[in-house]
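Undergrad: Here's the letter readout for the chains.
Number of protein chains: 2
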Amino acid sequence: MRASKQLIPTLKETPQDAAIVSHQLMLRAGLIRQLASGLYTWLPMGLKVLKKVENVVREEMDRAGALETLMPSAQPAELWQESGRWEQFGPELLRFQDRHARDFCLGPTHEEVITDIARNEIKSYKQLPMNLYQIQQKFRDERRPRFGIMRSREFLMKDAYSFNRDADCLADSYQVMYDAYVRVFDRLGLRYRAVDADSGSIGGSRSQEFHVLADSGEDAIAVSTVSQYAANIEAAEALPRESERPAPGAAMTRKPTPNTKTIDALVQGFDVAIEKTLKTLIVEGAEDGTLVALVVRGDHSLNEVKAEKLPEVASPLRMADDAQVRSVIGAGFGSLGPVNMPLLTLVDRSAALVSDFCAGANVEGEHYFDINWGRDLPEPEVRDLREVVAGDPSPDGQGTLEITRGIEVGHIFQLGTKYSEAMNCNMLDQNGKAKPMHMGCYGIGVSRVVAAAIEQNHDARGILWPAAIAPYQVCIVPIGGKKDPAVNDTAEALYQSLKDQGVEVLLDDRDMGPGPRFADMDLLGIPHRVVISSKGLAAGQLEYKHRSNPDSEMLDEASIMDRLGA
Amino acid sequence: MRASKQLIPTLKETPQDAAIVSHQLMLRAGLIRQLASGLYTWLPMGLKVLKKVENVVREEMDRAGALETLMPSAQPAELWQESGRWEQFGPELLRFQDRHARDFCLGPTHEEVITDIARNEIKSYKQLPMNLYQIQQKFRDERRPRFGIMRSREFLMKDAYSFNRDADCLADSYQVMYDAYVRVFDRLGLRYRAVDADSGSIGGSRSQEFHVLADSGEDAIAVSTVSQYAANIEAAEALPRESERPAPGAAMTRKPTPNTKTIDALVQGFDVAIEKTLKTLIVEGAEDGTLVALVVRGDHSLNEVKAEKLPEVASPLRMADDAQVRSVIGAGFGSLGPVNMPLLTLVDRSAALVSDFCAGANVEGEHYFDINWGRDLPEPEVRDLREVVAGDPSPDGQGTLEITRGIEVGHIFQLGTKYSEAMNCNMLDQNGKAKPMHMGCYGIGVSRVVAAAIEQNHDARGILWPAAIAPYQVCIVPIGGKKDPAVNDTAEALYQSLKDQGVEVLLDDRDMGPGPRFADMDLLGIPHRVVISSKGLAAGQLEYKHRSNPDSEMLDEASIMDRLGA
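Just so you know, the sequences run in chain order R and L. Oh and the first sequence: position 378 is 378 in UniProt numbering, straight run, nothing missing. Oh and the second sequence: position 206 is 206 in UniProt numbering, straight run, nothing missing.
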């Protein structure tokens, strides 16, 4: 492609309303333009990238045996009423009426439609497992669309749905999709992790998110320093660093600790190591009117997602207020502790391995020092309560955890029979008996991958595309062609030769100075750049530079071809 | 692909609500399923066909230098108010409000959005011509969706928009698209015509429709028996078959013709050749309160589209009623004619070449016979007024016309400056002066092409896909594999060999008898079928049959490969 025939509306200034780097660079490089809040047009250079991501996703879905379909965007309300989601879904679900005043929505996902198809078209267990997918524009009416295509209202998504004979069959299908996702993100050339996710309200027995790693990511992820283990910080199991509790030392004492309402104040005022302090949080219990005490080390934080999953604790989590606490314990926040605690007390694994520790005395303005489990109070009721921190042991036993950030671009779920039971999606089993199919669902935010790739791969001058998704692999920039016809002739010959070899090449023949053209090519992130000038030609050389390399080299044409892999 | 792993939900019975053969066969072959009125899911086998059409269209657009983009489906009302279409468009435009009560529509086309992009991103005439296109689901809220995907509410469309320096530049871009469309439909293997269309209310100076020829087509088309000439019946120029008017014969006479209100009655009652009769229609004139007489031969029909384009005639066309006619002429329908006609009288070209003709006398119950132009009444004011009929000379001077039927699958327009003037879409010209860009728009109904291909190519057993869009090129049907392992081994080996050669092959390994499998493969329209049986193998042969050929042949494997082009 000649740049003069391409639409490359680059911007010098960073648009003011673009808060994150991918949004800024996509606007500056002319990949997208906003039509209305959360609605973007993909301009030609942007769409080339999007299509490359889409094609990799499609190829790997096909390779995994999934069957491509295309469902309507507009979905009748009746199906959503059957699944219950018409009422459950909030205003993100864009609802409308057609000219006959029938209710429809624009699909944010297609569980209902695909389940309707499966119940009508799949009869027997012999046809299963079957995985049906589509790659399609989806709509979510976000309250506050932002970050460009990262959180837009219309976006391109691959959604796959597997139908399975039973839970084992579902687990196999899930693994096939997991492997396909690994191939997709490997091929895209992105650094990513498959992250154990809290499957939360979606239900089902297993769920993993695929995150592109980037400092700007919305989500904190705990990853092993040595293995592939990765989990959402909410879902990561917090193992103690200690294997056993040290033997008790000095006898427990109780001291007045006036004006010591925080762990910091305790540490500073009484020369206690923070690892030797415990803090006690009071939450409402699962049974109405009850309270539960949760104990973690002073340097740790309660993980609220873990807490609200405890059968003893109310869900969603509700912290007790000062009045509730005082009426039951007789002391308020800042003076609480496990000794003489009248409430059910659940203790984090790490807190349970501390000896000679310090905690509130449940008497206003007093603390106990040198407390020891099993000596000064009963052995603790142990739970996993805290958030992991960097340096914790990896739950898979390999290495330690570090905390990194990621952008969620994929999600795989074992849905089980949630939709198939609600919508009577049955198969006949080996005995001719109707049984609900077991379903999995598997999404990739195709347009989001483009933004995530930029968040992970950019520098001050612009984008650094991984080769697999660069809009062009090579750009040729001729300099001084007006004065020296040999420059343009060489550029043309190289351009034709690369095109003939199937290389995606952009000849920057625009009537602009070299500086602005170099800046555009850097902004656009074309991996390989070849500059052709009179001076170089005089020495029989062209200038080669890789986008990720600060330095260029003067090379003869054969060596250039070598660099381009052509 | 193994048929056992594919979703092939064929139906034996013709669904009752499917009125046309493409709808029936697409349902029966399991290509589509209805989700709601006018909303269809493309099942895997159907989507394979749709994708093939889409890919041919994309390749030819790219080859023609058009740049692919992707615009949002949801469009803000403001743009449509700017162009005036928010008010003009009827209830086919699906309108909705987002959660902030802002008005949007789901785009049936994207003139406004692309014009907004062009006015923002294209600055100079030097960037033109530029052609931007997309392939995208479109929405039209049809009052009565019918004929399956032929007239559905969501459909896949390729819409391209060219921006040009001036009218000449637009004409060149239009020709480039015309040539691309010819390549598209040639490659798809369809019999089609580019048809001169009445551009009607869309305006612009030129417009052609691409029609797939099929007896079931909605539109009548006049085509030359020898050249590529084709036109909508409304737009086809009606040339007389006679080159000159014969000399007058007998003198004009006036006779009573009681109960003779129709041409048929005149022909039968008075032994006149119908080609020697003229009929006179009275329509309202362009000036308020005036009437105009239009005269065509008795065996011809007035073409209303031509009539309402006459500057002398009101548009839209309004026929005068009996009272109006009587008050001005003194006689009513059935007794009208050009002799002594008090109104402006416009005469069709063929009617102007008749001599010795018969027509009403403008006296109730009387006709003139042996009338001659220039003798008995003034020479006629000649216009092109009638509909063409089979046997008329082709307007391009090559051959004669025949009337055939077509399904409109593409349309190319020279829009001119309609949108660019309404929306201030300007470029700077050579003198640095702002001028409106000249626009063209070019659509292909991608999903409609699939239905049209079936309307054109089917038989009693099912679809006969052109090779370019068949879901698979070859199917292999092993028979008796349970008893004879050699059957399955041979089938597997052939399947692998064809796959390895890149042939799209479907191995029908389903646990069904041969009859139902043959019926499915015929219904699905797979071009090549290879049957493998014990008996054939014993003779070292396989059975080959082309879908369009009633007979099969027993061939050795090398000859089979030859037939498959593998």
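Calculated directly from the structure, the hints in this document are not laboratory data. Warning: the hint list may mix true and false statements.
Each pair may be met inside one copy or between any two copies, as identical chains are not told apart.
Mimicking DSSO-like on lysine-lysine, the simulated pairs with C-alpha atoms at most 27 Å apart in a straight line are [unchecked claim]: (1) Lys123 to Lys5; (2) Lys545 to Lys12; (3) Lys535 to Lys482; (4) Lys51 to Lys483; (5) Lys5 to Lys433; (6) Lys482 to Lys255; (7) Lys261 to Lys483; (8) Lys48 to Lys433; (9) Lys126 to Lys5; (10) Lys482 to Lys545; (11) Lys418 to Lys48; (12) Lys309 to Lys12; (13) Lys261 to Lys276; (14) Lys5 to Lys418; (15) Lys123 to Lys12; (16) Lys309 to Lys483.
No experiment lies behind these values; they were computed from the predicted model shown.
Undergrad: Each hint needs a verdict: does it hold in this structure or not?
TA: Hint check results:
In the homo-oligomer, the alpha carbons of Lys123 and Lys5 lie at most 27 Å apart only across protomers (14 Å), although the nearest pairing inside one protomer, at 53 Å, exceeds that limit. When the C-alpha separation of Lys545 and Lys12 is checked against a cutoff of 27 Å, the pair qualifies only within one copy, where the shortest distance is 22 Å, while the shortest distance between copies is 63 Å. When the C-alpha separation of Lys535 and Lys482 is checked against a cutoff of 27 Å, the pair qualifies only within one copy, where the shortest distance is 14 Å, while the shortest distance between copies is 75 Å. When the C-alpha separation of Lys51 and Lys483 is checked against a cutoff of 27 Å, the pair qualifies neither within a copy, at 39 Å, nor between copies, at 48 Å.
In this assembly of identical chains, the alpha carbons of Lys5 and Lys433 lie at most 27 Å apart only when taken from different copies (22 Å versus 63 Å within one copy). Taking the shortest Cα distances, Lys482 and Lys255 never come within 27 Å of each other, neither inside one copy (88 Å) nor across copies (87 Å). Taking CA atoms no more than 27 Å apart as the test, Lys261 paired with Lys483 passes in neither setting, with 79 Å inside one copy and 84 Å between copies. Within a single copy, Lys48 and Lys433 get their C-alpha atoms no closer than 49 Å, and across copies no closer than 33 Å, so neither meets the 27 Å cut-off.
For a Cα distance limit of 27 Å, the shortest separation of Lys126 from Lys5 across copies, 10 Å, qualifies, whereas the shortest one inside one copy, 54 Å, does not. Proximity of Lys482 to Lys545 under the C-alpha cut-off of 27 Å is restricted to the intra-copy arrangement: shortest distance 23 Å within a copy versus 62 Å between copies. Proximity of Lys418 to Lys48 under the C-alpha cut-off of 27 Å is found in neither arrangement, the shortest distances being 38 Å within a copy and 30 Å between copies. When the C-alpha separation of Lys309 and Lys12 is checked against a cutoff of 27 Å, the pair qualifies neither within a copy, at 50 Å, nor between copies, at 52 Å.
In this assembly of identical chains, the alpha carbons of Lys261 and Lys276 lie at most 27 Å apart only when taken from the same copy (16 Å versus 113 Å across copies). In this assembly of identical chains, Lys5 and Lys418 lie within 27 Å of each other by CA distance solely across copies; the values are 25 Å between and 52 Å within a copy. In this assembly of identical chains, the alpha carbons of Lys123 and Lys12 lie at most 27 Å apart only when taken from different copies (16 Å versus 59 Å within one copy). For the homomeric pair Lys309 and Lys483, neither the shortest alpha-carbon distance inside one copy (74 Å) nor that between copies (57 Å) is at most 27 Å.
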